[in-house]
Structure formats: C-alpha cells, structure tokens
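Trainee: Spelled out, the chains give:
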Amino acid sequence: MKLRKLFALLLAGVMAFSAAACGAQETVTNNGESSEASSGTSEEPLENKLVIGAITQMKAEFYDANFCNDGTNYSMYDLLHGYTTVVSTKEGEFVYDPTVVKDHSEVENDDGTKTYTVTINDGLVWSDGTPITAKDYVFAVLLESSPEMAELAYPSQAGYYFVGYDEFYSGSTKNFAGVHLVDEMTYSVTVKAEELPFHYDISYASQWPRPIHVIAPDCDVVDAAEGATITGDFTSEVLEKTVNDPETGYRANPSVVCGPYTLSSFDVSAQEAVFKINPNYTGDYRGVKPSIETVVVKLVSNDTMMNELKAGNVDLLSQTGGAENIEAGLDLADEGLVEYISYYRNGYGKVQFDCSKFPTDSENVRQAIAYCLDRNEFVRQYTGGYGSIAQSAYGLAQWEYQESIDWIAENLNAYEMNVDKAIELLEADGWTLGEDGQPYSGEGVRYKEVDGELKPLVIEWANSEGNPVSALLATMLPENMEAAGMQLNPTTMDFSTLSAGIAHTGTTYNMYNLATGIPLLNSPWYYYSKDPAWMQPGYNSNWIADDELDAAAGALKTIPYEDRDAWLDAWRNYIKVWNEKMPDIPLYSDEYFDFYAPKLKNWEASDAIWPWSRAILDASIG
Amino acid sequence: MGKGRYLLKRLIYIVFVFFIISILMFFIYKSMPGDPVESMLGSLKTSMRPDAYQELYDRTAERLGVNQPLPVQYFAWISNMLTGNFGYSTQYQRQVIDVIGAPMFNTIMLNLFTMIVVFLVSIFLGIATAVHKNGVFDKGVQVVTIVGYSIPSFIIALLAIFAFAVKIPIFPISGIRTPGSEATGIAAALDVAWHMALPVLVMSVSGIGGITRYVRASMIDALRMDYIKTARAKGLREKTVIYVHAFRNALIPIVTITTWWIIGLFGGSVVIESVFLWNGLGKMLIDGLMNRDFSIVLTMQMFYVLLSLAGNVLMDIAYTIVDPRVRLEN
Numbered sequence: 184m185k186l187r188k189l190f191a192l193l194l195a196g197v198m199a200f201s202a203a204a205c206g207a208q209e210t211v212t213n214n215g216e217s218s219e220a221s222s223g224t225s226e227e228p229l230e231n232k233l234v235i236g237a238i239t240q241m242k243a244e245f246y247d248a249n250f251c252n253d254g255t256n257y258s259m260y261d262l263l264h265g266y267t268t269v270v271s272t273k274e275g276e277f278v279y280d281p282t283v284v285k286d287h288s289e290v291e292n293d294d295g296t297k298t299y300t301v302t303i304n305d306g307l308v309w310s311d312g313t314p315i316t317a318k319d320y321v322f323a324v325l326l327e328s329s330p331e332m333a334e335l336a337y338p339s340q341a342g343y344y345f346v347g348y349d350e351f352y353s354g355s356t357k358n359f360a361g362v363h364l365v366d367e368m369t370y371s372v373t374v375k376a377e378e379l380p381f382h383y384d385i386s387y388a389s390q391w392p393r394p395i396h397v398i399a400p401d402c403d404v405v406d407a408a409e410g411a412t413i414t415g416d417f418t419s420e421v422l423e424k425t426v427n428d429p430e431t432g433y434r435a436n437p438s439v440v441c442g443p444y445t446l447s448s449f450d451v452s453a454q455e456a457v458f459k460i461n462p463n464y465t466g467d468y469r470g471v472k473p474s475i476e477t478v479v480v481k482l483v484s485n486d487t488m489m490n491e492l493k494a495g496n497v498d499l500l501s502q503t504g505g506a507e508n509i510e511a512g513l514d515l516a517d518e519g520l521v522e523y524i525s526y527y528r529n530g531y532g533k534v535q536f537d538c539s540k541f542p543t544d545s546e547n548v549r550q551a552i553a554y555c556l557d558r559n560e561f562v563r564q565y566t567g568g569y570g571s572i573a574q575s576a577y578g579l580a581q582w583e584y585q586e587s588i589d590w591i592a593e594n595l596n597a598y599e600m601n602v603d604k605a606i607e608l609l610e611a612d613g614w615t616l617g618e619d620g621q622p623y624s625g626e627g628v629r630y631k632e633v634d635g636e637l638k639p640l641v642i643e644w645a646n647s648e649g650n651p652v653s654a655l656l657a658t659m660l661p662e663n664m665e666a667a668g669m670q671l672n673p674t675t676m677d678f679s680t681l682s683a684g685i686a687h688t689g690t691t692y693n694m695y696n697l698a699t700g701i702p703l704l705n706s707p708w709y710y711y712s713k714d715p716a717w718m719q720p721g722y723n724s725n726w727i728a729d730d731e732l733d734a735a736a737g738a739l740k741t742i743p744y745e746d747r748d749a750w751l752d753a754w755r756n757y758i759k760v761w762n763e764k765m766p767d768i769p770l771y772s773d774e775y776f777d778f779y780a781p782k783l784k785n786w787e788a789s790d791a792i793w794p795w796s797r798a799i800l801d802a803s804i805g
Numbered sequence: 034m035g036k037g038r039y040l041l042k043r044l045i046y047i048v049f050v051f052f053i054i055s056i057l058m059f060f061i062y063k064s065m066p067g068d069p070v071e072s073m074l075g076s077l078k079t080s081m082r083p084d085a086y087q088e089l090y091d092r093t094a095e096r097l098g099v100n101q102p103l104p105v106q107y108f109a110w111i112s113n114m115l116t117g118n119f120g121y122s123t124q125y126q127r128q129v130i131d132v133i134g135a136p137m138f139n140t141i142m143l144n145l146f147t148m149i150v151v152f153l154v155s156i157f158l159g160i161a162t163a164v165h166k167n168g169v170f171d172k173g174v175q176v177v178t179i180v181g182y183s184i185p186s187f188i189i190a191l192l193a194i195f196a197f198a199v200k201i202p203i204f205p206i207s208g209i210r211t212p213g214s215e216a217t218g219i220a221a222a223l224d225v226a227w228h229m230a231l232p233v234l235v236m237s238v239s240g241i242g243g244i245t246r247y248v249r250a251s252m253i254d255a256l257r258m259d260y261i262k263t264a265r266a267k268g269l270r271e272k273t274v275i276y277v278h279a280f281r282n283a284l285i286p287i288v289t290i291t292t293w294w295i296i297g298l299f300g301g302s303v304v305i306e307s308v309f310l311w312n313g314l315g316k317m318l319i320d321g322l323m324n325r326d327f328s329i330v331l332t333m334q335m336f337y338v339l340l341s342l343a344g345n346v347l348m349d350i351a352y353t354i355v356d357p358r359v360r361l362e363n
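Protein sequences, first through last, are from chains W and F. Mapping to my numbering: the first sequence position 536 is 719, numbers consecutive. Mapping to my numbering: the second sequence position 34 is 67, numbers consecutive.
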C-alpha cells in the first residue's frame with residue numbers, strides 16, 4: 184500500500200510537496216488486497232470496522248429529524264440515540280421496549296383523556312456513565328415542547344397530543360399539565376380526549392431521554408400538581424449555546440448519548456462520520472448490542488460507488504437501486520468479491536395528479552391516463568427487471584400487502600394498457616366534441632363543454648430535470664394519450680419549482696412525477712382528508728376531496744392497534760377505493776440491493792422497517 | 034491623468050458596479066419560483082399538524098426576514114453583508130460564514146495545486162513548442178493539447194478513475210482522506226495529497242491544453258520580432274534570447290490568463306467536485322440554487338463579482354509591470 188501511494192505521489196510529483204511523500208505514511212484502509220501487498224502476509228487480523236457508503240450528503244446535524252431530515256443524517260440518529268420506550272420491531276410492530284421499560288400502565292380517564300404511566304429500568308446510563316432516570320425522559324418532552332426550543336426553529340411538537348400542551352408551548356404556564364415526574368424512575372403523560380381513539384395510540388407512550396446535564400446543565404425537572412416543569416436557567420440563550428453552537432452544541436456535537444454508538448468525529452469537508460461503539464449501551468428491545476467497533480459513514484458517488492466497493496474503500500452499499508448499479512454489483516458477486524441481499528422498497532415512484540385542477544379533477548380522466556401507460560413495460564425498462572408494480576397506495580414491504588397479494592390480484596384494477604378503454608372513459612365523462620364544437624371526429628384533441636365554454640383535454644405535466652422517469656414517460660405516454668384524444672404538455676423544472684406547483688404557491692400543473700415512501704406510522708386518514716386543513720403537500724398533496732376516499736381512509740384511524748383483522752379489512756377497502764379514484768398512478772417499486780464485503784456477517788436489512796442503522800446491531804466482522 | 038487618479042476612478046467604478054449588480058442579483062434570485070422557508074423546514078410538513086406547521090413557517094419566515102417587501106429585504110441584506118454578516122443558510126441551518134469556510138478551503142487548495150501544475154507544465158511546454166515550431170515534438174504536443182482541451186472534464190475524470198483507481202489502483206476513487214483515518218500531521222497531509230492527486234491531474238489536463246497553446250502562439254509572435262534578431266546578432270546565448278527577450282514580451286497575454294486563473298482559484302468545479310466528491314464551492318453553489326438558499330448563493334455571487342472587478346484592476350497593474358510601454362492613465 185505504501186509503495187502504491189509512493190508511486191501515486193511520484194506521479195503527482197509536480198505537486199509541491201511530492202518529495203515529502205517518500206516518508207512513511209500511516210493510513211487506515213480496509214483494502215485487504217493492498218494490505219497484503221505491503222506486508223507480504225495474508226494473515227493480518229481484520230480490523231473491526233465497517234465503512235458504509237452513502238450517496239446523499241451529510242450535514243453536521245445529529246439531533247433529530249426535526250432539525251434535519253436528510254437521508255443519511257436520518258439513519259445516523261439511530262446509531263446515537265436509543266432507549267425510546269416504544270419501538271418498532273423487526274417485523275414492523277410497535278411494542279414497549281423491555282430493555283428500557285420495567286412497567287407500564289394505561290388508564291382511560293372519566294374526561295375521555297388517557298394516561299400512560301411508564302417506569303424505566305434501573306441501570307441505564309448515558310455514554311459518560313451518568314445514570315438515566317425518568318427526569319431525562321420528562322426533560323425531553325418539556326424541552327421539545329417548549330417555546331425556548333421553538334426559538335431555535337425547532338417545531339416543539341413533542342407533547343402536542345398531551346393535555347396542557349397549548350398553554351405550555353405558548354409560554355402562558357411553566358408547568359406542562361399532562362406530563363408528570365411520578366418518581367425517580369417513573370413518568371406519566373396524559374393524552375387529550377380529542378386525540379383518541381387512535382390506531383397507533385401506543386405511540387403516545389413513546390418517549391425518549393435527553394441528557395439534561397448536557398443540554399440544560401444548571402436546570403432541574405420538578406413535578407407539581409399543575410404538571411412537570413424545568414427549573415433554573417432554562418432560556419433560549421442557554422439553548423443557543425448548548426444545542427445550537429456549530430462547534431459544541433448538541434446538534435453538531437452530541438457528546439453524551441445513549442444509542443449503540445457514540446460520535447467520534449465528523450468531517451464536513453471529507454463528508455465522513457466516524458462512530459465508536461458505546462460501551463454503556465445495554466442493548467435494543469431484544470437486548471442485542473453491536474459488535475462492530477467502528478462504523479464509518481462516507482459519501483460515495485452514484486457513478487463510482489461500485490468501484491469503491493470493489494476497491495475496498497467501502498464495505499457496504501445499502502439500498503442500491505437502478506439496473507446499471509445492480510448489475511455491476513451482481514457481477515462483483517459473481518466474482519466472489521461481494522455478497523448481497525435484496526428487498527423491495529416500501530414505496531413507489533408515481534405520477535401524482537392534482538385532483539383540484541381541471542381536467543384531472545375528473546376520476547375518468549385520471550383513469551384514462553392510467554390506461555394509456557404500459558406500466559409493465561415501464562417497470563421493465565426503468566428498473567431493468569429489478570422492480571415491481573403497486574396497484575394502490577401501499578408498499579411491498581407492508582404486512583398488509585404481504586397478507587393480501589392474492590386478494591389484490593383478484594380485486595384491484597391493474598389498468599393494463601388499453602387505449603379503447605381510455606376513450607370509453609373519456610366519452611362517458613363528456614369529452615365528445617372537437618375543436619369546432621361538433622362531435623369528435625377521432626382526430627386531434629377532444630373538447631368538452633363546461634359552463635357554456637368549450638375546453639380542450641390538455642394535461643399540463645411538471646417533471647424534474649435530469650430525471651430518467653420523466654424521459655421514459657415522455658417516450659411512452661404522449662402517443663397513446665394523443666390516440667385517445669388527449670394532449671400532454673410537459674414542462675421540465677427544478678424540484679423547488681415543482682414543489683411550489685404542488686403546494687399551489689407557484690404555477691400549478693395537472694400531474695407531477697414524484698416518489699413516495701410508506702412510513703411505519705402510515706396515516707392515510709390525513710393524506711386523503713377532505714378537511715381543507717390537510718390539503719397541502721405532505722398530507723393531501725393531491726388536493727382530492729372525495730367522500731368515498733375520505734371515508735375509506737378515515738375508517739382506519741380509530742381501529743384499535745391490536746385488532747389486526749378489522750384493520751386489514753378496512754385497509755383492503757381503502758386501497759380498493761384508492762385504486763378506483765386513482766389520485767396517483769403508481770409506476771414502480773424498486774428492488775433494493777445491499778452489496779457488502781464478505782467480511783460483513785449476519786447482514787439482514789429491509790426498507791423502512793429494518794434499515795442499515797438497526798441491522799448493524801446484529802452484524803459482525805469476521 | 035496620474036496613476037493614483039486612475040485607480041481612484043476604477044475604485045469608484047467598482048463600487049458603482051457592485052451595487053448595481055447586487056440589486057440585479059438580489060431581485061433575480063428572489064423572483065425564482067420556490068420557497069426557501071419550505072426548503073429549510075423540509076419534510077416537517079409531513080410530521081406536523083398543518084396549523085402548527087403554519088405557525089412554525091410564519092415564525093421562521095419572520096426570523097429570516099423573508100416576509101418583508103423585497104426592497105426592505107434588499108436593504109437589510111446589503112447592509113448586513115457590508116458589515117460581514119452574510120446571513121443564515123436555510124439549507125445548512127447555520128450562519129453562512131460558518132458553513133462556507135471548509136468548501137472554500139478545499140476549492141482553493143485544489144485550484145492552487147492545479148494552477149501550479151498547469152503553469153509549470155504549460156509555460157515550458159509552450160515555449161519549447163514555439164522554439165521547435167512545426168517539428169515532430171511541436172506537432173505531437175499540438176495533437177495532445179487539442180485532445181486534452183476538447184474532451185469534457187467529466188469524461189477525463191471517469192477515464193482517469195477507471196485507469197488509475199480501478200485498473201491500476203494507485204489513487205483513491207474519491208474523497209478527501211482515507212475513511213476513518215486517524216493520521217495526524219505530515220501523514221494526514223500526505224493522505225490528503227494522495228486523494229488530491231487524481232482531481233488535480235484531471236483538472237490540469239484541460240488547463241495544460243489551453244495554456245500551452247496560448248503560450249506557444251504568444252511566443253511565436255515574440256520570436257518573429259526584430260529585437261530577437263538583434264539579440265541573436267549580438268551573439269547572446271539562445272536561452273537568454275528565449276527566456277529574457279522573447280518570453281518577457283510574450284507575457285502580456287499570459288498575464289491576462291494568469292489573473293483569471295488566480296480569480297478562478299475561488300471558483301469551484303461542479304463536475305470535478307461531484308465526480309471526486311471533493312466538497313467545494315461549485316457544488317455548494319448549485320446545491321444552494323436548487324434549495325433556494327439565497328444567503329449562500331448571493332454571498333458567493335457577490336464575492337465572485339468583487340473578485341472579477343478587482344481582477345480587472347489587478348490585470349491592468351500587472352500589464353504595467355511586465356510591459357513598461359503600458360501606462361495606466363492611457
């Protein structure tokens with residue numbers, strides 16, 4: 184390795200300091216092949232280190248997704264922060280974490296509120312050895328609901344569902360009525376009556392600790408009849424220093440954590456984060472602790488990441504998608520250089536309609552467009568065979584889907600490409616006239632009389648630049664749409680402009696191409712609510728106000744979490760109604776591959792439910 | 034008009050142009066579709082209740098000052114900028130001054146070494162090809178420089194990675210240092226140098242191609258002059274004729290290029306930075322534009338405007354140094 188570096192530096196000898204390269208270098212590498220070349224032995228023990236390649240940039244943000252929701256940062260929170268009282272299991276179910284929770288109780292109160300009381304286990308400690316108590320959990324709720332934290336552009340929503348939140352958040356009271364520190368190891372939270380019943384009500388009991396001795400060192404949490412409060416010097420100025428300081432604040436430098444790893448270093452220039460095992464970590468909900476001593480997360484380029492894997496610069500590429508990269512990875516696997524697992528993405532790429540805008544406010548028009556696209560061919564071409572099609576709003580990793588595969592095949596419309604069917608739907612919708620107001624001749628764009636005005640069937644399509652999905656749709660859609668009497672007007676733009684269109688704060692379009700992921704806390708009752716409050720990007724992005732869909736999605740909200748059968752029935756009804764209303768056309772669900780060096784053992788991951796940041800606990804180097 | 038008066042006039046001109054451009058830039062960027070507050074808050078919209086999100090949005094907009102009329106925003110921005118407060122980056126959620134340092138250092142480091150390589154190679158290559166005009170060496174170099182000049186740097190980068198990082202793995206594929214390296218001091222500097230070698234090599238190829246041809250043409254013109262014949266007739270050594278008499282007179286066009294290269298030290302290359310994952314200013318500027326992070330974008334743009342304006346003055350001064358015939362007052 185040293186010889187190669189020396190040669191490399193000699194090649195770059197025109198650089199001023201190349202002469203100095205003759206000296207010995209001590210650099211760390213996972214490249215086993217190179218190590219052998221320099222040492223002359225193949226028996227060197229493997230370094231207990233895993234280098235993970237990430238294709239999205241990292242920021243110096245290690246607090247939570249409320250400050251930064253970028254993909255790679257999001258994964259790193261799992262490494263640092265642990266001991267949440269309610270967690271999702273490997274199977275995607277929400278449970279109390281027995282490693283953290285000693286005892287819990289739920290009491291329904293006479294006023295319709297519900298109180299969750301949780302006692303945490305003795306023996307949990309922060310990475311600096313300080314004991315974790317109920318104070319740290321109560322501090323987290325108070326901190327992350329406080330107006331002081333809101334001054335830092337933090338949402339301060341942690342206690343939104345608890346009694347007394349509005350008064351606490353507004354600053355009219357210093358005590359949070361719905362949050363109590365019962366004793367040193369016990370806390371309770373009381374949920375507002377209007378937030379019940381709720382399918383995921385166990386999530387209300389989900390709290391996490393924050394180190395009060397680091398974030399608010401001169402403060403304490405005390406309980407009173409009016410609720411818990413933070414005493415001492417708790418101000419936004421203090422938080423500006425302890426949380427927001429770009430060098431020493433908890434956001435950039437979480438010096439004391441309780442997750443499986445601690446942050447050893449983060450180099451924004453090198454785009455590299457180094458994590459070391461947290462010796463004080465007691466384990467996840469199964470009691471599993473990590474065995475890989477050092478985890479390095481490093482930025483890689485989509486164009487060269489397979490070469491990085493081959494060269495040994497990275498050991499793991501998680502969630503690799505796209506035929507080109509997958510085939511390159513499989514070639515490496517054929518050569519025995521890497522191993523892999525694959526799983527389906529829990530989401531899909533889609534054409535998203537604006538259902539408030541003419542003419543895609545018509546269900547028939549949306550269905551007709553769906554009939555104009557050969558989705559099977561689209562998936563084949565786009566994913567190169569490494570993908571599948573969803574017929575409705577579900578992810579292929581969802582348990583509901585897994586238990587409904589046959590039912591879906593029998594009951595949902597697959598919208599096989601059929602231009603005649605599209606024409607039939609359009610004519611039933613009144614698109615029967617030509618430009619001159621006479622019956623449609625079969626040539627050109629269809630027209631329809633709306634409020635005495637003749638309107639053409641023109642679909643304005645916003646797509647983002649450099650997007651292969653847009654390019655493929657542009658070759659597959661226009662011809663069939665034209666044959667059905669529709670005109671497709673594409674406009675290419677950057678993502679911010681496209682987002683402004685979806686939000687109705689910029690020029691609006693009939694359809695957009697996007698992608699969506701199905702979260703574990705899937706809440707379709709918001710996504711298709713007729714309530715104008717929810718009509719906005721992130722919730723009802725389709726701006727669809729449909730009674731049937733609103734009712735079908737809304738029916739899910741109050742089903743008890745334990746009643747899987749009732750949930751499954753309601754879920755099937757919801758995806759069937761959705762499939763008829765077609766607010767989006769689901770295009771493809773990728774098959775993701777994790778490619779990794781053979782030294783990585785016991786690697787099992789999946790999208791959304793068991794990402795690499797959790798799978799790493801079971802993995803080892805060997 | 035004296036030199037001092039000329040410089041004063043240019044300084045006033047710089048200030049005037051700077052303000053005009055600042056107004057244009059500010060209003061052009063602010064008229065772009067897209068919402069910087071939404072970009073900053075990201076996906077919080079999906080995890081917060083709409084009323085709470087709206088409240089956070091309004092609070093954030095007020096904090097950033099983007100809820101004010103554009104002229105008010107402009108005056109606030111320009112007065113802050115002139116006092117060294119470059120604003121708040123919505124993308125990084127930090128003060129611009131706190132996030133721009135690392136990429137600027139990386140860009141300057143990469144460009145500086147590239148400039149050294151390019152000028153060391155191309156000046157001597159340009160002189161040599163001019164002296165041996167139309168010879169085999171000259172023609173060979175001409176072909177190579179045209180190829181280097183013509184091929185896009187993206188292609189050269191990928192070819193270089195394939196050749197020197199994959200097939201003959203003597204350089205790392207990307208990054209600034211070895212993942213997880215705990216090296217310090219000289220070892221750390223060497224590690225960075227090793228990672229910088231391939232991007233410098235790639236960036237140098239097109240630079241060498243262009244400047245070699247420029248130096249060659251300039252030198253050929255100079256070598257045709259009567260004073261060169263006189264110098265040779267006086268019996269001066271050929272080296273003296275070439276490097277003292279001809280090259281000095283060929284310097285003016287080279288000074289022009291050199292000045293722009295020095296200014297270019299601060300300009301990042303999106304292509305090179307993306308391929309080699311070199312965290313520099315080019316990618317930062319594009320990311321800033323895409324995310325409507327106007328504080329970052331405007332800071333960088335105004336910095337470049339200032340550099341360009343100052344560069345022109347520096348170039349004029351440099352002309353007077355290399356060619357006494359040039360007078361600033363002219």
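Errors might be hidden in some of the hints.
Here are the simulated lysine-lysine pairs, DSSO-like style, with alpha carbons at most 27 Å apart [what the hints assert, rightly or not]:
hint, chain 1, residue 1, chain 2, residue 2
1, W, Lys759, W, Lys740
2, W, Lys285, W, Lys472
3, F, Lys78, W, Lys713
4, F, Lys78, W, Lys740
5, W, Lys784, W, Lys459
6, W, Lys375, F, Lys200
7, W, Lys232, F, Lys78
8, W, Lys540, F, Lys78
9, W, Lys232, W, Lys782
10, F, Lys200, W, Lys782
Just so you know, these hints were derived from the structure itself, not from any lab.
Trainee: Now tell me if each hint is right for this structure.
Mentor: Hints, verified against the model:
With a C-alpha separation of about 17 Å, the suggested pair Lys759/W and Lys740/W falls inside the 27 Å cut-off, and the hint holds. Restraint check for Lys285/W and Lys472/W: the C-alpha separation of about 19 Å stays at or below 27 Å, so the hint holds. The suggested pairing of Lys78/F with Lys713/W holds, with an alpha-carbon distance near 17 Å, which does not exceed 27 Å. As the CA atoms of Lys78/F and Lys740/W are separated by approximately 20 Å, the hinted pair is consistent with the 27 Å bound.
Annotation: proposed proximity of Lys784/W to Lys459/W holds, straight-line Cα distance about 19 Å (limit 27 Å). With a C-alpha separation of about 64 Å, the suggested pairing of Lys375/W with Lys200/F is violated against the 27 Å cut-off. In summary, the hint linking Lys232/W to Lys78/F is not supported, as the alpha carbons are separated by about 37 Å, beyond the 27 Å threshold. The hinted pair formed by Lys540/W and Lys78/F meets the criterion: a straight-line CA distance of about 22 Å does not exceed 27 Å.
In summary, the hint linking Lys232/W to Lys782/W is supported, as the alpha carbons are separated by about 10 Å, within the 27 Å threshold. The straight-line distance between the Cα atoms of Lys200/F and Lys782/W is roughly 23 Å, inside the 27 Å bound, and the hint therefore holds.
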